[in-house]
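Q: The residues making up each chain are set out below.
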Amino acid sequence: MLIQVVISGLVIGCVYGLIALGYSLIYKASGLMSFAQGDMLTLGAFLGYSFYGIFKLPFVISLVCVVLCMFFLGLFLEKAIIRTLLKNHVLPVYIVLATIAISYIIQNAAMLIWGTQTLSFPQIFPIPLVGVLGVKVQPEALFCILMSLVCMVALHIFMKYTRFGTAMRAAAMDATAARACGINVSFSTGVTWGLSAGVAATGGILLGPIYGVYTMLGAIIGRKGFSSAVIGGFGNMYGAIVGGILLGLVETCTSAYISSAYKDIISYSVLLLFLFVKPTGLFNEQALTD
Amino acid sequence: MKLKSVSKILLAVLLLLVPLLFRNFNYGILICGFIGIYIIAISGLDLVFGYCGQISMGHAAFFAIGAYGSALLHKYLHLPILLTMVIAAVIATLIGALLAYPASKLVFHFLSLATVAFGEIVYQLVAQSPGGITGNFTGFYTDSINLLGFKISTNTRFYYFALVCVCGFLLMKHRLVKSKEGRAFLAIRENSHAADGMGIDVKRYKIIAFATSAFYTAFAGSMYAHYVRFISPETFSNRQSVMFLTMLLFGGTASLSGPIMGAAAVLLLNEGLRFAERYQMLIYGFMLLVVILLMPGGIYGIIKKRIDKRRVVS
Numbered sequence: 001m002l003i004q005v006v007i008s009g010l011v012i013g014c015v016y017g018l019i020a021l022g023y024s025l026i027y028k029a030s031g032l033m034s035f036a037q038g039d040m041l042t043l044g045a046f047l048g049y050s051f052y053g054i055f056k057l058p059f060v061i062s063l064v065c066v067v068l069c070m071f072f073l074g075l076f077l078e079k080a081i082i083r084t085l086l087k088n089h090v091l092p093v094y095i096v097l098a099t100i101a102i103s104y105i106i107q108n109a110a111m112l113i114w115g116t117q118t119l120s121f122p123q124i125f126p127i128p129l130v131g132v133l134g135v136k137v138q139p140e141a142l143f144c145i146l147m148s149l150v151c152m153v154a155l156h157i158f159m160k161y162t163r164f165g166t167a168m169r170a171a172a173m174d175a176t177a178a179r180a181c182g183i184n185v186s187f188s189t190g191v192t193w194g195l196s197a198g199v200a201a202t203g204g205i206l207l208g209p210i211y212g213v214y215t216m217l218g219a220i221i222g223r224k225g226f227s228s229a230v231i232g233g234f235g236n237m238y239g240a241i242v243g244g245i246l247l248g249l250v251e252t253c254t255s256a257y258i259s260s261a262y263k264d265i266i267s268y269s270v271l272l273l274f275l276f277v278k279p280t281g282l283f284n285e286q287a288l289t290d
Numbered sequence: 001m002k003l004k005s006v007s008k009i010l011l012a013v014l015l016l017l018v019p020l021l022f023r024n025f026n027y028g029i030l031i032c033g034f035i036g037i038y039i040i041a042i043s044g045l046d047l048v049f050g051y052c053g054q055i056s057m058g059h060a061a062f063f064a065i066g067a068y069g070s071a072l073l074h075k076y077l078h079l080p081i082l083l084t085m086v087i088a089a090v091i092a093t094l095i096g097a098l099l100a101y102p103a104s105k106l107v108f109h110f111l112s113l114a115t116v117a118f119g120e121i122v123y124q125l126v127a128q129s130p131g132g133i134t135g136n137f138t139g140f141y142t143d144s145i146n147l148l149g150f151k152i153s154t155n156t157r158f159y160y161f162a163l164v165c166v167c168g169f170l171l172m173k174h175r176l177v178k179s180k181e182g183r184a185f186l187a188i189r190e191n192s193h194a195a196d197g198m199g200i201d202v203k204r205y206k207i208i209a210f211a212t213s214a215f216y217t218a219f220a221g222s223m224y225a226h227y228v229r230f231i232s233p234e235t236f237s238n239r240q241s242v243m244f245l246t247m248l249l250f251g252g253t254a255s256l257s258g259p260i261m262g263a264a265a266v267l268l269l270n271e272g273l274r275f276a277e278r279y280q281m282l283i284y285g286f287m288l289l290v291v292i293l294l295m296p297g298g299i300y301g302i303i304k305k306r307i308d309k310r311r312v313v314s
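Protein sequences appear in the order of chains A and B. Numbering follows the working numbering, with no gaps: position 111 of the first sequence is 111. Numbering follows the working numbering, with no gaps: position 151 of the second sequence is 151.
Keep in mind the hints are simulated off the structure, nothing from the lab. Wrong hints could be hidden among the right ones.
[Unchecked claim] Under the rule of at most 25 Å between Cα atoms (straight-line distance), these lysine-lysine pairs were calculated in the DSS-like manner:
(1) B:Lys8 to A:Lys87
(2) B:Lys105 to A:Lys278
(3) B:Lys180 to B:Lys203
(4) B:Lys203 to B:Lys4
(5) B:Lys304 to A:Lys87
(6) A:Lys87 to B:Lys309
(7) B:Lys75 to B:Lys178
(8) B:Lys8 to B:Lys309
(9) A:Lys278 to B:Lys203
(10) B:Lys309 to B:Lys4
(11) B:Lys105 to B:Lys4
(12) B:Lys75 to B:Lys151
(13) B:Lys305 to B:Lys178
(14) B:Lys8 to B:Lys151
[Stated by the list, open to error] A short list of chain B residues far from chain A (calculated; beta carbon distances all over 10 Å):
(15) Ser5
(16) Ile35
(17) Leu72
(18) Ala97
(19) Pro102
(20) His174
(21) Ser192
(22) Met198
(23) Ile207
(24) Met281
All C-beta atoms, glycine included, are put in the ideal place defined by N, C-alpha and C.
Just chain A, with the same shape it has in the complex (with noise of 0.2 Å):
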């Protein structure tokens, strides 16, 4: 029973630590806030569910695919939207709601398009279950963990040492002088957007073949990714990553021990605690006394 619970707890956390290293990419690179990473995620689960089930595409094929779109999205919505609104110099509220109303156009698009009903992720292997530990999982979820922690580490490796990354982050840590040294501001936060889609819509991918694909998958999802970015100290892409798999850890065990309908009071409350007591989070991300 505790093994099938870690594990569970691990694909949930992982995929809540995809959403919010989204939301620490983002907060880092512009100092906002998005609403729409859940619905994201949403739509890249459909996406996947297209090119997989319906048009037969290799799996690798079919999520590099998805994880295009989804960039290209992210990229798209940014220069649109958010540069546009920046420009005007509008309170920072009409942005936050502008990522609402990106995220109530996704939802009801994905609705309209591919139907109110839970459409089933065909499976990714040919085998049905494994055994881990004696116990019998899908393979999907263990590929799910796996998936998670390469993206996050080749999302580091990005980050850190190409040019282009070190790029992004000289431009999130003051665009100022990182504009005075050539760097294009602009062009490097279209790509975090871009990138932090991407994240999500991998999420989706990932998360569809265990959970199923419908159009409020992601909803619920990108408002905990904001407990574990909290938890992890807002802005910190470790961070994310821990405070997403405690999350999810802590959520599975709330749901197996004690009642799973206190599990999302459970996870809110967690935020509100970190929020109010100790709101740099476990890494002591200090992007919060601004």
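Got chain A sorted already, so can you dock chain B onto it with the hints?
A: Coordinates of chain B only, in the frame set by chain A:
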């Protein structure tokens, strides 16, 4: 000046005659009642967001506390409804103050997260209440308002009741924003550090703003409960909080008339979109985006700009 008072009297007469104008159109009076409820709810949100500059994305929670609080108190303690409405609003005020106490140190984005989390917690408590006292997802039936034996059971009666409530609450708001507290709110909105330097107890006034705002919204929630006489958790989801913010921003913040125009415009638009039920939320999303991109000052902002321009010309 004379023209202004004449137009005011005309407006008052018009408002009093609305049920007569809609004599054969009960649905119209129904909507007018809802507009009244939303005006009060959004005026509350305006106090905390428009005047004090503190965002709340969980005001549906106070709406829920008012609605469920009043309905539950009536059902289980058999108190008269008008009293339960006031008690529920007072409870919401206390909860608002309790939430604002630790939340007052959070800045914009993190305050919005905290209020989202608060809204979700209340929603979950209502939807999966211990022992099912709120009726959970099946909803909860309640009675209409009973004013010392006079039942406010028809739409017309409720319209007049709402009209009195709206006038009362707007008057209260007007008095509040013109008072010392109101000036402190504005100072905090413009620059909280400077306000602090001038001797304004920032934390205290943020709590006052939040608590007052909770009172307004919760009272509106209890009005909603006894108007519809049926409440279910869907009405109090985070979508409702976003709707409040949309109405407020659409109408224009930090004014008396902004919430009125916002509530009326968004509610009428929503009703108008009912014919396209499948596309309603999609169109709503696009409209929200267009409004944000094209008219960030809201209706009030546009009108004000016009008037200011005319003044400059003359």
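Q: Now tell me if each hint is right for this structure.
A: How the hints compare with the structure:
no. : hint                 : result
1   : B:Lys8 to A:Lys87    : violated (40 Å)
2   : B:Lys105 to A:Lys278 : holds (12 Å)
3   : B:Lys180 to B:Lys203 : holds (15 Å)
4   : B:Lys203 to B:Lys4   : violated (39 Å)
5   : B:Lys304 to A:Lys87  : holds (23 Å)
6   : A:Lys87 to B:Lys309  : holds (24 Å)
7   : B:Lys75 to B:Lys178  : violated (39 Å)
8   : B:Lys8 to B:Lys309   : holds (23 Å)
9   : A:Lys278 to B:Lys203 : holds (18 Å)
10  : B:Lys309 to B:Lys4   : holds (19 Å)
11  : B:Lys105 to B:Lys4   : violated (43 Å)
12  : B:Lys75 to B:Lys151  : holds (17 Å)
13  : B:Lys305 to B:Lys178 : holds (22 Å)
14  : B:Lys8 to B:Lys151   : violated (30 Å)
15  : Ser5                 : holds (35 Å)
16  : Ile35                : holds (21 Å)
17  : Leu72                : holds (19 Å)
18  : Ala97                : holds (14 Å)
19  : Pro102               : violated (4 Å)
20  : His174               : holds (24 Å)
21  : Ser192               : holds (13 Å)
22  : Met198               : holds (22 Å)
23  : Ile207               : holds (14 Å)
24  : Met281               : violated (4 Å)
In this structure, the earlier hints numbered 1, 4, 7, 11, 14, 19 and 24 are contradicted, and the remaining ones agree with it.
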